[in-house]
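Those protein sequences? They're chains A and B, same order as listed.
Read left to right, the first sequence gives residues 1 to 271 (the numbering used here).
Read left to right, the second sequence gives residues 272 to 516 (the numbering used here).
Worth flagging that the hints you see were computed from the coordinates, not collected in a lab.
Since the model is a prediction, treat every value here as computed from it, not as a measurement.
Misleading hints may appear alongside valid ones.
If you anchor each label on the Cβ, the simulated ranges turn out as follows [what the hints assert, rightly or not]: (1) A/G103 to B/D276: 45 to 55 Å; (2) B/F514 to A/G103: 28 to 38 Å; (3) B/R445 to A/G28: 50 to 60 Å; (4) B/P350 to A/P104: 47 to 57 Å; (5) A/R72 to B/S408: 43 to 53 Å; (6) B/Y499 to A/G28: 55 to 65 Å.
If the Cβ cut is set under 7 Å, some of the chain B residues that face chain A in the computed set are [said to hold, decoys possible]: (7) R410; (8) E412; (9) S416; (10) K418; (11) G421; (12) A422; (13) F428; (14) A488.
Just so it is clear, CB atoms sit at the ideal spot from N, CA and C, and this is done for glycine as well.
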Amino acid sequence: MIEFQNVTFAYTNARPVFDRFNWSVERGAAWAVIGGSGNGKTTLLMMLAGLRLPTSGQIVVDEQVIDRPRPRTGLVLQEYGLLPWATIQQNVALGLRVRNFYGPDGRHAPIEHVAGPIEPQVERWLKRLGIDAMRARYPAQISGGQRQRAAIARTLVLEPDLLLMDEPFAALDAPTREDLQNLTVELQREQNLTLVFVTHNLEDAVFLGQKILVLGQPPHVRPVVIENPQAGSLAYRSESAFFEMCARVRESLTHYSLSRSTPVGPVTPHA
Amino acid sequence: MRKRDLIITSLTVLLIWQISALLVQRDILPTPLAVAQAFVENLGEITRHFIASGLRVIVSIIIAVALAVPAGLGMGQIPRLNRIFSPLVYLVYPIPKIVFFPIIMLFFGATEFSKILIIVLILFFQILVPVRDDSLSLRPELLNSVKSLGAGRRALFRFVYVPSAFPIVLTSVRLSVGTAVAVLYFTEVTATYLGLGYYIFLMSGTMFDYAATYAGAVAMGLLGLCLYFLIDWLERRLCPWKFAT
């Protein structure tokens, strides 16, 4: 589904964040990307979303080289993603309105997009995410958790096959965060989504990522991957294996943040 | 702001005026009652001038908004445009454009066009600069998430830049109303026979009818106030999200 092929990315006059980096994600997989701030998590996601281009190398999603946002990739950000002047209903409808605005051109909307009435689909997703009672409110009038539900609904109404999330729950309190983690797991299964979830939060990463990409100190040359096959079960959160995995990810994160030596111990490099 | 507070303030101002007029006892400061009487007596005449002035200032504001908003959004969103025009705006912004009025009159004569042109010229920069700065400050998160929904530049203008500019356009127009009416007065004092500025000037300098002079001034104040109310109404229509609680 996703192939990073010799991807190098460097900001102007800075050393590269990614240096001939290769990484692949299979269709339907749930990946978490964890790392400290400034370690290139968001850069990775922005490249994947087509909002930032690699300095060299290429990223292929579904056999297509990414040089602009791809219509079937959905993106959910931490905050400020909703239009403050539009109601929740209008925000959820936005992607479909943009598609109808351009028509099925294959660039802004998928070729098979049929311009048509928006309301039924918007209504279905408002209900699915439990925010249909908020449809006439503005983003500033609802809670952070509800805002993120609206952001997710707005993305899923476009029927993506790849969902990218950048710290989507960072601003939420613990119960709301767990609630939305569960919802993400459910939706990923239900919609058969490929998920790349970027976070600095250990629990987010271990609960959601069946594979966890650890981004330590840049530059990133080889992906450091931790297999976490139990992720995605709602009971996992209270099992001891969960806490052991959290400890392991933390250890790996510390290790790679302090040194740039080759991986050792329990960590297996991913080809 | 509550209606009751507005009424109390208005009555207080009238009371102070009344007391001052009684204390001063000169015909250049008539009482509010005398002015009200003059206002009613000359209502037909004042209305004629009021409509002329009102049309001038509204047409000027509409033209200024129609020119300044696209220019401001363009400069805010297209870095190359901003690089080219920002130095020009920087240089021209602080120049008091009113000094060009005599020159404009030399070119275009004592016409409606000259009057509207000078008001547009002044308002243009007062709207352009805040709209540009506001659109520069749109959060990248917001733009990125809308881009990820498939929006290119045209859709961003339609769904993000234009609606995001409503509040700042209305705020800058509100701040410009006072200036616009002041400039309007200045343009109407010379070379015209229609407009509240002309009426006020005529009544004071030529006719020595001080009550009517004040009535004209009151009409000019009402014009500014009407524009304020119009902008408030537009804001409630165009930016309902700012009033949602």
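Each hint tested on the structure:
Here the CB-CB span from A/G103 to B/D276 is close to 53 Å, well matched to the stated 45 to 55 Å. For the hinted restraint 28 to 38 Å between B/F514 and A/G103, the CB-CB distance of approximately 35 Å keeps it satisfied. Under the hint 50 to 60 Å, the C-beta atoms of B/R445 and A/G28, about 54 Å apart, fit the expected range. The hint said 47 to 57 Å for the Cβ distance between B/P350 and A/P104, and at roughly 31 Å that hint is violated.
For A/R72 paired with B/S408, a C-beta distance near 31 Å fails the hint of 43 to 53 Å. A hinted range of 55 to 65 Å holds for the C-beta pair B/Y499 and A/G28, which are about 59 Å apart. For B/R410, the shortest C-beta to C-beta distance to chain A is roughly 5 Å, which falls under 7 Å, so the interface hint holds. The criterion of a C-beta within 7 Å of any C-beta in chain A is met by B/E412, whose closest approach is roughly 4 Å, and the hint holds.
At about 4 Å, the closest approach between the beta carbon of B/S416 and any beta carbon in chain A falls short of 7 Å, and the interface hint on this residue holds. Interface restraint check for B/K418: the shortest CB-CB distance to chain A comes to about 6 Å, inside 7 Å, so the restraint holds. Here the hint on B/G421 is kept, as its CB sits about 4 Å from the closest CB of chain A, short of 7 Å. At a threshold of 7 Å, the smallest CB-CB gap from B/A422 to chain A is about 5 Å, leaving the interface hint in force.
Because the beta carbon of B/F428 sits about 11 Å from the nearest beta carbon in chain A, more than 7 Å, this interface hint is broken. Checking B/A488 against chain A: minimum C-beta separation of about 39 Å lies over 7 Å; hint violated.
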